[in-house]
Amino acid sequence: MLGFVARRLLYLLPVLLAVSLLTFLIASLLPGDLAYVILGDQATPEKVEALRHDMGLDQPVWWRYLGWLGHVVQGDFGRSFRTGQTVLQAVAERLPVSFELMIFAELIGLAIGVPLAIACAARSGGAFDRFMTGTAFAMLSVPTFLSAILLIYLFAVELRWLPATGYVPFAEDPAGNLRFFVLPAMTLALAEWPGIMRVLRSDMIATLQEDYIALAKAKGLTPSRILFVHALKPSSLTLVTITGINIGRLIGGTLIVETIFALPGIGRLLVGAIYTRDLIILQGVVLLVAAGFVVMNFVVDMLYAVLDPRIRHGHA
Amino acid sequence: MATLELAISDDVAAAPARRRRSLGPLFWAAIGWIALVLAVAILAPVLPLPSPIDMDMLERRAPFSVEHWLGTHGPGRDELARAIFGARISLIVGLCAPVIGLTIGGALGLLAGYFRGRFEALVVGSMDVLLAFPPLILALAVTAYLGQSILYLTLIIGVLGIPAFMRVARASTLTLARREFVIAAEALGATHLRILLRELLPNVMLPLIAFFLLGVAVTIVAEGVLSFLGLGVPPPIPSWGSMIGEGRESLDVAPRLAFMPAIAMFLTVLSFNLIGDSLRALTDPRQGAL
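In order, the protein sequence lines correspond to chains V and H.
Residues in the first sequence are numbered consecutively from 2, following my numbering.
Residues in the second sequence are numbered consecutively from 2, following my numbering.
Pulled out of the complex, with its shape left as it was, chain V reads as follows (with noise of 0.2 Å):
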C-alpha cells in the first residue's frame, strides 16, 4: 500500500509542475498585453514600456515562469491589480460559499438518486425501472442554465417562493443564507442524480444474484434490510470511483449557477476575473482549481486503492 502511494505521488509532482507550466502559458501567450489592460485608456507608449519593465513583461517567457513558480511555491500567487487583493484572500473569501453549494448539491443529489437506485434495483426490468432509467437518461440532455432556468421561472417567477438571486453570509442570518442556496443546490443536483442513480443502480443488480443476497433470502431476511443492510454498501464502490469525474463536472455546474444566481464563490470570481480581464486572479484562480482537482483526483483513488484491493497490487 505505501509503496502504490509513493508510486501515485510521483507522479503527481510532474502533473502538478505541467499544470502549472499550461496555466502560465495560457495566462502569458494569449494576446492582450497585461500593461496595456493595467493602463486602459492612459496608455502611451512609453508608460506601456515602463510599466512593462516594472512587471518584467520584457524578460523571456521561460523566465518569468520561473520567477512566478518560485513565488506559486512560497504561497504567493500574487495581487489583483483592480481590487488590490491578493489571490489567496480572494479565494479563501469565496470558497465557503461554493463549497457550501456543492455539499448541498451533492447532498440533493444523493438524496434522490440513492433511493431511486434502490427502487430500480428491488424490481429491475419492471415498468418503475424501466420508467425512471428512461427519465435519468433523459435528464441527462438537460444542460444546467437550462435547469437553472427552468427552476428560478417556477419558483422565484411563477410561485414566487424563493429568491432567484442573492445571498447573505451563513454567520449573519442562517435561515436566509440556506433560502439563496435551495434553487442554485437543486439546479446542481438535478445534473448530478441521474448519474448517481444510474452506477449504483447497476452494481446493485449485480449485487443482488450474489450468492450471500440468496442466503439472506432465503434465512427469511426482509427485502429492505436485505436492500439496505447487504447490498447497499458493497454496491456503492463504483459510485466513490466516478466521484472524482464528478468532482469535475460540479465544478463546471457551480461556476455556471453562480454566475446564474449571483452566489459570490470561486466560479462567480472566475467569471468576473475573465470579465475584466484580470489577469492576475485568472490564472491564480485556474491554478489552484486545477491542482485542487488533481488532488481531490488523487484522493479518490487511494480512497478506492483502500476498498479493492485489486487496484493495489495492479491486478484491475
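Hint data in this document are derived by calculation from the structure and do not stem from the laboratory.
Every clue listed holds true.
Footprint (simulated), chain H over chain V, 3 or more residues, beta carbon under 8 Å: (1) 14–23; (2) 138–148; (3) 249–260; (4) 270–284.
All C-beta atoms in this analysis are idealised placements derived from N, C-alpha and C, irrespective of residue type, glycine included.
Put chain H on the given structure of chain V with help from the hints.
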C-alpha cells in the same frame, strides 16, 4: 458542462439486452429530429424567413402571429428565424469540434494502445494534464482571451475533447491488439502501418463514432453555456445559448423567449445522446457478456 467522461462510464445494466439488435421507435424519432434540424439549418438562407438580424421596431416582443410564427424578442427580431440560424451555430460547432477530438485523440489512442511503452506513458500523462483542468474553466479562460469567434470556440472545445477520445481509442486498441487477426497479420509480416490502418482502425472506428455522437451532444451544451454567459459567438449572430440568456431577462413577461430555444436545444442534445447510446450498445463488446 457534462464532461465527456460521463458518457464512457460503462453502464452495462442500464441498456437492456433486448435493445441490442433492434433500434426502437425512439431511435428513429431522434434520427428524424436531427434530420429536420440539419435540413432547416442548411437551407436557412434560402427558406422564406424574415432576417434574424433585422429589427421590427413595431413588433417588439410580439406573440405568435402569421408574420412571426414564433413571435419576436425584445428588440423585435423574428424568433423562428433566430432559432433556425441559431441551429446553424450549434451544429457547426457541435459537429466540427468533436472531429478534432476524433482525429487527434483517436490517432493518439490507436498509436498508444498499439506501440505501448514510453510513447503510451507520454500520451496518457499529457492527457492527464489536460484532464486536470475542469473543461469549462479552460474553455472560458481561453475564449475570453482569444476573443469571441466561431473558429476559436470550435478549436478550444475540440481540443478539450481529445483526452476522452484518446481513452476510448486506446481502450479498444488494447483489447484488439491481442486478438488473433492482429497476431496473424503480424505473423504474415505485415508492417506496423498496415496493421494500424487495415486491421485496427476499422474496428476502433465503430466505438469512436458512437462516442463522437455523444461528443456532439456535449459540445452543443458547451457552446450553449459559453453563449449563455455571453462568451460564445458575438452578437447579433443568434445562437441557442445566447437566445436563452437573453430570454432569461424577460422570464416574467415572456417566458417563451427562453423556453423555445431551450426546448430545441434539449431535443437536439437528447437525440444525439439517444443515437450515440444506441450505437454504443450495438458495438460495445461488453454487451455480449449479458
